[in-house]
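**Student:** Residue strings, one per chain:
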Amino acid sequence: MPRANPNLLVQSLRGASQVFFMENAATGLLFFVAMAYASSLTGNWATPIGGALGVLVATLTARLLDCDAPSVSSGLYGFNGILVGAALPTFIASSPQLWAAIVIGAAASTVVTAAFSATLTDKWGIPGSTGPFVLTGWLMVAAAYSFGRLQVTGDAPRLAADLVRGSAGIPGPADLVAIFFRNIAQVYLLGSAVSGAIILAGILIASVPAGIAAAAGSLVSLVVALAMGADPSAVSQGLYGFSPVLTAMAVGVIFLTPSPRVAVYAGLATVTTVFVQGALDALVAPAGIPSFTAPYVLTMYLFIAPKRLMAPHPHAPVADHMVGEGTPARPASPAR
Amino acid sequence: MPRANPNLLVQSLRGASQVFFMENAATGLLFFVAMAYASSLTGNWATPIGGALGVLVATLTARLLDCDAPSVSSGLYGFNGILVGAALPTFIASSPQLWAAIVIGAAASTVVTAAFSATLTDKWGIPGSTGPFVLTGWLMVAAAYSFGRLQVTGDAPRLAADLVRGSAGIPGPADLVAIFFRNIAQVYLLGSAVSGAIILAGILIASVPAGIAAAAGSLVSLVVALAMGADPSAVSQGLYGFSPVLTAMAVGVIFLTPSPRVAVYAGLATVTTVFVQGALDALVAPAGIPSFTAPYVLTMYLFIAPKRLMAPHPHAPVADHMVGEGTPARPASPAR
Amino acid sequence: MPRANPNLLVQSLRGASQVFFMENAATGLLFFVAMAYASSLTGNWATPIGGALGVLVATLTARLLDCDAPSVSSGLYGFNGILVGAALPTFIASSPQLWAAIVIGAAASTVVTAAFSATLTDKWGIPGSTGPFVLTGWLMVAAAYSFGRLQVTGDAPRLAADLVRGSAGIPGPADLVAIFFRNIAQVYLLGSAVSGAIILAGILIASVPAGIAAAAGSLVSLVVALAMGADPSAVSQGLYGFSPVLTAMAVGVIFLTPSPRVAVYAGLATVTTVFVQGALDALVAPAGIPSFTAPYVLTMYLFIAPKRLMAPHPHAPVADHMVGEGTPARPASPAR
Numbered sequence: 019m020p021r022a023n024p025n026l027l028v029q030s031l032r033g034a035s036q037v038f039f040m041e042n043a044a045t046g047l048l049f050f051v052a053m054a055y056a057s058s059l060t061g062n063w064a065t066p067i068g069g070a071l072g073v074l075v076a077t078l079t080a081r082l083l084d085c086d087a088p089s090v091s092s093g094l095y096g097f098n099g100i101l102v103g104a105a106l107p108t109f110i111a112s113s114p115q116l117w118a119a120i121v122i123g124a125a126a127s128t129v130v131t132a133a134f135s136a137t138l139t140d141k142w143g144i145p146g147s148t149g150p151f152v153l154t155g156w157l158m159v160a161a162a163y164s165f166g167r168l169q170v171t172g173d174a175p176r177l178a179a180d181l182v183r184g185s186a187g188i189p190g191p192a193d194l195v196a197i198f199f200r201n202i203a204q205v206y207l208l209g210s211a212v213s214g215a216i217i218l219a220g221i222l223i224a225s226v227p228a229g230i231a232a233a234a235g236s237l238v239s240l241v242v243a244l245a246m247g248a249d250p251s252a253v254s255q256g257l258y259g260f261s262p263v264l265t266a267m268a269v270g271v272i273f274l275t276p277s278p279r280v281a282v283y284a285g286l287a288t289v290t291t292v293f294v295q296g297a298l299d300a301l302v303a304p305a306g307i308p309s310f311t312a313p314y315v316l317t318m319y320l321f322i323a324p325k326r327l328m329a330p331h332p333h334a335p336v337a338d339h340m341v342g343e344g345t346p347a348r349p350a351s352p353a354r
Numbered sequence: 019m020p021r022a023n024p025n026l027l028v029q030s031l032r033g034a035s036q037v038f039f040m041e042n043a044a045t046g047l048l049f050f051v052a053m054a055y056a057s058s059l060t061g062n063w064a065t066p067i068g069g070a071l072g073v074l075v076a077t078l079t080a081r082l083l084d085c086d087a088p089s090v091s092s093g094l095y096g097f098n099g100i101l102v103g104a105a106l107p108t109f110i111a112s113s114p115q116l117w118a119a120i121v122i123g124a125a126a127s128t129v130v131t132a133a134f135s136a137t138l139t140d141k142w143g144i145p146g147s148t149g150p151f152v153l154t155g156w157l158m159v160a161a162a163y164s165f166g167r168l169q170v171t172g173d174a175p176r177l178a179a180d181l182v183r184g185s186a187g188i189p190g191p192a193d194l195v196a197i198f199f200r201n202i203a204q205v206y207l208l209g210s211a212v213s214g215a216i217i218l219a220g221i222l223i224a225s226v227p228a229g230i231a232a233a234a235g236s237l238v239s240l241v242v243a244l245a246m247g248a249d250p251s252a253v254s255q256g257l258y259g260f261s262p263v264l265t266a267m268a269v270g271v272i273f274l275t276p277s278p279r280v281a282v283y284a285g286l287a288t289v290t291t292v293f294v295q296g297a298l299d300a301l302v303a304p305a306g307i308p309s310f311t312a313p314y315v316l317t318m319y320l321f322i323a324p325k326r327l328m329a330p331h332p333h334a335p336v337a338d339h340m341v342g343e344g345t346p347a348r349p350a351s352p353a354r
Numbered sequence: 019m020p021r022a023n024p025n026l027l028v029q030s031l032r033g034a035s036q037v038f039f040m041e042n043a044a045t046g047l048l049f050f051v052a053m054a055y056a057s058s059l060t061g062n063w064a065t066p067i068g069g070a071l072g073v074l075v076a077t078l079t080a081r082l083l084d085c086d087a088p089s090v091s092s093g094l095y096g097f098n099g100i101l102v103g104a105a106l107p108t109f110i111a112s113s114p115q116l117w118a119a120i121v122i123g124a125a126a127s128t129v130v131t132a133a134f135s136a137t138l139t140d141k142w143g144i145p146g147s148t149g150p151f152v153l154t155g156w157l158m159v160a161a162a163y164s165f166g167r168l169q170v171t172g173d174a175p176r177l178a179a180d181l182v183r184g185s186a187g188i189p190g191p192a193d194l195v196a197i198f199f200r201n202i203a204q205v206y207l208l209g210s211a212v213s214g215a216i217i218l219a220g221i222l223i224a225s226v227p228a229g230i231a232a233a234a235g236s237l238v239s240l241v242v243a244l245a246m247g248a249d250p251s252a253v254s255q256g257l258y259g260f261s262p263v264l265t266a267m268a269v270g271v272i273f274l275t276p277s278p279r280v281a282v283y284a285g286l287a288t289v290t291t292v293f294v295q296g297a298l299d300a301l302v303a304p305a306g307i308p309s310f311t312a313p314y315v316l317t318m319y320l321f322i323a324p325k326r327l328m329a330p331h332p333h334a335p336v337a338d339h340m341v342g343e344g345t346p347a348r349p350a351s352p353a354r
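Sequence lines, in order, name chains A, B and C.
No gaps in the numbering here: position 129 of the first sequence is 147 in our numbering, and each next residue is one more.
No gaps in the numbering here: position 44 of the second sequence is 62 in our numbering, and each next residue is one more.
No gaps in the numbering here: position 309 of the third sequence is 327 in our numbering, and each next residue is one more.
Do not take every clue at face value.
Copies of the same chain are indistinguishable here, so a pair counts whether it falls within one copy or spans any two.
[Stated by the list, open to error] Each computed DMTMM-like pair below joins lysine to aspartate or glutamate, with the alpha-carbon atoms no more than 25 Å apart: (1) 325 <-> 84; (2) 141 <-> 249; (3) 325 <-> 338.
Just so you know, the hints here were simulated from the structure itself, not pulled from any lab data.
Pulled out of the complex, with its shape left as it was, chain A reads as follows (with noise of 0.2 Å):
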């Protein structure tokens, strides 16, 4: 592990760098290049200033609250609000209001990290990873629908039932490579190839099996997606694969020590990943909102969940109800 290191630059850098679990300055430097590629093909370089910003504000907050110190020079404090700073902007008009929403939003992210830490990490062992960001993000956007100086650009709200999708022929070989790399791009909202191939190198630099988690999760989710008929625009643009890549690198490299036993448990929750974006998009469509990385969050969430020698409450009368006689349910495994 890095040493800590007080500067807010690095701690910011390094904030960017988790957003695909690696701590690393040099990877987030990557990342800021992918996304200022990306800018440079359509000319708005809102997602990076807003990516910056976010990260800089969410960090600061955690340093005045005094979160742990170490923690935030990892940039653990950080990766929510990069996403939240380059999220808004692609989803709401360009407005000063914008820009407060993103310093409110940011700041807001840093406390819903420090909650989620307090409860779904400390007491049930799931990492928050980027659950704070999509709360933050749902919550934002959804309030640009009631407030009139701020402008929704996306997909306007409608029922599931409208849904397009597609069951057409295979994309051709150039395809299907630009769309493995724009699994990746999109995890930082971006739709260029050439920016997912910089963030795997960024990846890469940091971590070989990380890098090659990723790689496998665009390609199981790309099968799987054409497989199954999804769209194929959003397949086309890497909506079906920025979640998959998350699960495949979170379940198979990083929160689970890597094993054959664990790579097919990897590819399990990579290929339920693509039924949960499915199923995510048709039901935040009628609020209007975009699913962003929930499909990952709550697929890893349930995947990391399970702990060794788990036992399902038996269908017994539980312990010490406030009603019932309260006879203790059965052992809930021989071993504890």
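Please build the complex by placing chains B and C on the supplied structure of chain A, with the hints as guidance.
**Tutor:** Leaving out everything else, chains B and C in the frame of chain A:
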């Protein structure tokens, strides 16, 4: 408790019986008979075949993941899988992708069951019950709206105000008897009163009190649904009764030790479940997904969670807050 | 703390006062005066009568369930019931079934309060506050869409894009003063500024700091709602202020020990609540249910959850996983 049995078939039949909280292979066999009887009427055999596939895959997955052996043997890792397998063909048209979805959903239901066990059960003392089925089933059906190779066959998404409601007369005696049994059959997504009678017989051979609670739950739900003016078609199909049947069994007999006091408490829980059924039908309408057993699951979690001598947090400072002074709160109860 | 008092009337009046975190029967009496004043203007007395019925039923249910006696005596089992009783007639037309729904909802709110206490509070250190009211109220109003004998009178379900938004001028001084008080009155679902003034007086006789926090929350929410261009009609009715008022009190004075640092933290929480209000209004629109105090509840939970020296999970293996090797993660913080 029956002796642990390594036979996959026996474990799977016990899994079928655990849908109604029993651990009895003969009961499970009767439940398959009930499914087969309903299929013989409609000519559609996807429900029993899907159920059989689901419970086998879920149980096998639990064995491969080295889940707690006595729990696997008791069928506690199979009952969510059988429901996933029975439910998906009810709401998604047959295709090779449907059967792939059943396999993936059933395997995932085992992971979700382990996740619920490690958190909700182990940390909060609440049985997971069919919660993993509800979550997995919702995700798989919602995903079908995004996938061209999975066609949803049931109700289309709509706004809550479009729900049908009734306030007409009371059904005749023969209809009431049929609804009484359909309320039980619909736990297995079956519309046949005879299937409901077979299932009730299966419960009674395993536990007379459980059978009485099921019957009482069916009766109470019928009275409340008619009194509130629920959609007569839904009431007639048994759709207002299957969750209250499970609540009456779970709260009245299974998870609390039966007593007059517990019976009153279970009565309130059963009545509440009818309201929650109406509520969830409206809340999931925009997403176009069925409510499954969610009304039972939510109500049961809320009624089983309370512990003896529990006190709400007083309106006084919380302990050890990141920002506050951390003055300890008044002890929650004198007895702790 | 006032002495435990077995009198149901005093317990119920304290329950009324606990809606604003007070434990003072005189304050509770003033709150009923505020409700009665608003009813004298509209001629509709369902709110105070429903509130009285709700708090009596909820408190009696807690006594019958042998809930923690000091908590019952303090009114902590009554304040969710009074809100259920006051809210249901606001959104559902009068009928015998409405009054049955209030009795069932108020009784259920006591069970939900005990469930939140046993989980959220006891395990995660988060006060349940009005979360049980929000959950119970949502379920009862949503159920009305399914029940012919319960007619929803408020807004119909719609998609988020149809929400009214404003960016017009700033209201005049007299309007601003009226909104300032309505922001407080709407916690009790009252639209009268005079009722808000009576409620503020009731808070001040119990706690001057709490009254100051309520006033500050009202002011901050008004500035933010106008700056973001929220629906002018909703702002004028006080609908953008009542949750921030509760957040300012809860985070600034009640659950954290007041200090300049806590005041800044409560300020961020209050601003965040205005965004969450806009967000939840949009998110619940398709379901046709009101957001109730959910914006306060969600924000307060997130801002009260963080504990001192808490660290997010590092991006390293979790301990003791069912499938992984279970290498222990780096300790979450040096101090633990």
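**Student:** None of the hints should be skipped; say for each whether it holds.
**Tutor:** Hints and how they fare:
no.: 1; hint: 325 <-> 84; verdict: between (32 Å within a copy, 11 Å between copies)
no.: 2; hint: 141 <-> 249; verdict: neither (39 Å within a copy, 40 Å between copies)
no.: 3; hint: 325 <-> 338; verdict: both (24 Å within a copy, 6 Å between copies)
Hint compliance for this structure: hint 2 alone is broken.
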